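Student: Given these sequences and hints, build the entire structure.
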Amino acid sequence: YGPFRDALDSAPASLEGWQVHKDKRTYQQDPSNVREALREARLDEEEGADIMMVKPAVAYLDVIRALREQTTLPIAAYHVSGEYAMIKAAAERGWLDERRAVLETLTGIRRAGADVILTYFATAVGEWIQQGHGPEH
220 YGPFRDALDS APASLEGWQV HKDKRTYQQD PSNVREALRE ARLDEEEGAD
270 IMMVKPAVAY LDVIRALREQ TTLPIAAYHV SGEYAMIKAA AERGWLDERR
320 AVLETLTGIR RAGADVILTY FATAVGEWIQ QGHGPEH
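According to my numbering, the residues represented by the sequence shown are 220 to 356, in order.
Rather than coming from a laboratory, the hints here were simulated on the basis of the structure.
Here are the simulated distance ranges between beta carbons:
id, residue 1, residue 2, range
1, A341, D263, 17 to 27 Å
2, I348, E235, 44 to 54 Å
3, E317, E259, 28 to 38 Å
4, P354, E311, 21 to 31 Å
5, E265, R312, 41 to 51 Å
6, G313, P354, 16 to 26 Å
7, E235, A343, 36 to 46 Å
This one's a predicted model, so the numbers in the text were calculated from it and none came from an experiment.
All C-beta atoms in this analysis are idealised placements derived from N, C-alpha and C, irrespective of residue type, glycine included.
Tutor: Here it is, written out as structure tokens:
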């Protein structure tokens with residue numbers, strides 16, 4: 220979330236009487252415990268959830284896959300700003316072809332089971348598709 224906050228100049232700020240935690244670990248699930256994530260997702264579904272969200276997408280492809288096998292609800296995957304920044308930085312240095320890396324990454328997220336992908340590359344991907352340079356399938 221650092222690149223996102225930097226881009227929007229939106230660091231957490233405390234309000235009078237309220238303590239704002241700068242570290243999300245105080246309120247997010249344990250990232251090493253996929254069973255807990257699946258259990259929480261089941262509870263969310265039982266409580267009437269309309270869609271499941273997995274974030275960050277690339278680091279949690281296994282969770283997307285496991286969730287896909289567990290639910291018929293749509294699954295959204297958030298390709299977060301840090302994942303975006305890594306591809307951009309590598310492309311700027313000439314280490315990879317940005318378009319190919321983005322399309323392969325998004326294809327992997329989709330293949331894992333995501334129905335919806337939220338990505339900072341959305342505008343670029345739309346332009347590539349219009350130009351006939353979309354995914355190879």
